[in-house]
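*Asks:* My request is simple: use the sequences and hints to build the entire structure.
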Amino acid sequence: MTYPMIELTDVTRTYPGGVAALQSVSLRIRHGELAAIVGPSGSGKSTMLNVIGTLDRPTSGTIHIDGYDVSTLSDGQLSALRATTIGFVFQSFHLAAKVSALDNVADGLIYTGLRRAERRRRAAAALDRVGLGHRMDHEPHELSGGERQRVAIARAVGGDPPLVLADEPTGALDSVSGTGVMELLHELNASGTTILIITHDREIAAGLPRQVRMRDGRIVEDSAAEPRGDAWRRHAGSGVA
Amino acid sequence: MMAGVRGGGHWGGGEVVRPKPSPARMRLADVMRVGAVGLRTRPLRAFLSALGIAIGIAAMVGVVGLSSSSGAELDRTLSALGTNLLTVSSGTTLMGEAAQMPQDAETMIERIGPVERASSVGKISEAKVYRSERIPEAQTGGISAYATSLDLPGTVGATVRSGTWLNAATERYPAAVLGAVTAQRLGVGAAGPDVQIIVGGARFTVVGILHPVALATDLDNGVLVGWPVAESRLGFDGHPTTLYTRSEEAKLESVRQVLAGTANPEAPNEVDVSRPSDALAAKQATSQAFANLLLGVGAVALLVGGVGVANTMVISVLERRAEIGLRRSLGATRGQIRSQFLSESLLLSAMGGSGGILLGMGVTMGYAFYSGWPSVVPAWATVGGLVATLLIGAVAGLYPAVRASRLSPTEALSTP
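These protein sequences, in sequence, are chains G and D. All residue numbers in the first sequence are consecutive under the numbering used here, ending with 241. All residue numbers in the second sequence are consecutive under the numbering used here, ending with 1416.
If you are wondering where the hints come from, they were derived from the structure by calculation, not from laboratory data. Fair warning: this is a prediction, and the values are worked out from it, not measured in the lab. Heads up, some of the hints might be wrong.
[Unchecked claim] Straight-line distance between alpha carbons at most 20 Å, and here's what the computed SDA-like set of lysine to any residue pairs gives:
no., chain 1, residue 1, chain 2, residue 2
1, D, 1020, G, 62
2, G, 98, D, 1322
3, G, 98, D, 1033
*Replies:* Put into structure tokens, the structure is as follows:
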């Protein structure tokens, strides 16, 4: 790959009232990386996730996701980009109540245009992948917190997106479940998915190959570690923008 | 650097020559499935707001159905009875006294070309009717005795419920045929040689009982005896009081114009000419006006139901902000969010509408069956009801759907 998965150039996001959540941030994350954006609350990391996830547009600066200049895409095109390229994992899971794990994952693929049978097939495969093959018929209230987050991860990766954005994925979990979820994210990364984890937990961040520290809307430190993985990826570039 | 498909010079933040992603179209089944999510997760609320629509539609379909059923019944009655019956009855003189028609009025009327048949009855005012001699004289029960021509049943469409009609023999003897109401008042269940009543002080044998006569309701309260026996035993003067005529349908109006003059050439103003089927139709028109009022009430109920759906949709959008945010993150476009809530609203009102149509049809069929009417629910009422509900669903869902689609995904997601 000759271009990074995520590329932010001088990105600023100012909210009405003058609060600058991001101030001239530049960041480049290559395909196949597993990185943490870590910082205390109010550091701008959630805004970072939103602009990278194309849920929010920057006030200035340019963002490239998977090579696309986000500012040139319409709402519909951005939606399509999210449907095919980005998987989201949220702290509070956002699973539909009274809907089986399988359908929760399958319904996550509804905007990809796949047929229902294919959606369910892929959902079953994704649930297998996260180790919940035996819980497909369970509804969210019948699952533990860790299992719910695994369902949410299965939903995020059901469409095989090259990029997964996880917002405090272990924030609502006990440490054992949290560790399990982190292991799962490592496994997904090992199979080639670029994963960006937003967290305030330094310990979790420390377990990842690369940490980007934020404070007051700026990047204050970037470990800029080489991405794990194969030699063919390594030649792609020198790293930090 | 690799020789990639995207060419070189990317590092400046450069361009990638690839088609831009375009959102996939959702299949109709998927749109429906997503639209039904809200109904599935909150079935009681969905049921209640659909009920509002259902009541409105049921009221309208029921009112239309009942009035068309009673209309169909009237048509059936009229086509059985015929609408070509004209009645001539003696009215009052200028001085306000009861007028008399000439004795040969019937013969004169039969000479009018288009008149197909004519029959007459003459009220015998002096002859009071009692069940037996023991009944006090004052208790006449509002029953009148009539002398009748033998061809009366064919002209007015009267049929015999029990016994027989008068014939050339019995019309000379004290034999009587009772109207439906009379038989009930006197407590006579069936005709027979041993059933006797008192008419004008003499015993008369009840030879027959009539069904109610729709076009000559006066006869229901009457006791009919032969013309000769009325003259010989009851002191009947031979003047007919009411003439019934059947004419060619096409020339009914012209017959009507000459009827008064023919029946009573000396004083045409002293007779009243009427068309009994008009009275039935007028009664129908009155109930139609009432039905229109009920239809308006149904429309108001429907409107209130529509407001209920709109209210449900607004609340649904407020409650499901997190879901909307999630769907946006999963790749739903604004249009797809809009169509989700629009289709939810349409489903909701379509459910209510079809339930209401079934309910309305059920009410119509039940009532029509109970009344012995043919049950008719016009197709336009069914189709119109469905179209109305879909329109209401679209209008009620539009604003909430647009609001949902305009929601910023980040704000929606940050809702707990």
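*Asks:* Work down the list of hints and note, for each, if the structure agrees.
*Replies:* Here is how each hint holds up against the structure:
Taken as a hint, the residue 1020(D) and residue 62(G) pair is honoured in the structure, with Cα atoms around 17 Å apart against an allowance of 20 Å. Taking the CA atoms of residue 98(G) and residue 1322(D), the gap is about 16 Å. The hint holds against a cut of 20 Å. Note on residue 98(G) and residue 1033(D): the hinted pairing holds, with a Cα-Cα distance of about 15 Å set against a maximum of 20 Å.
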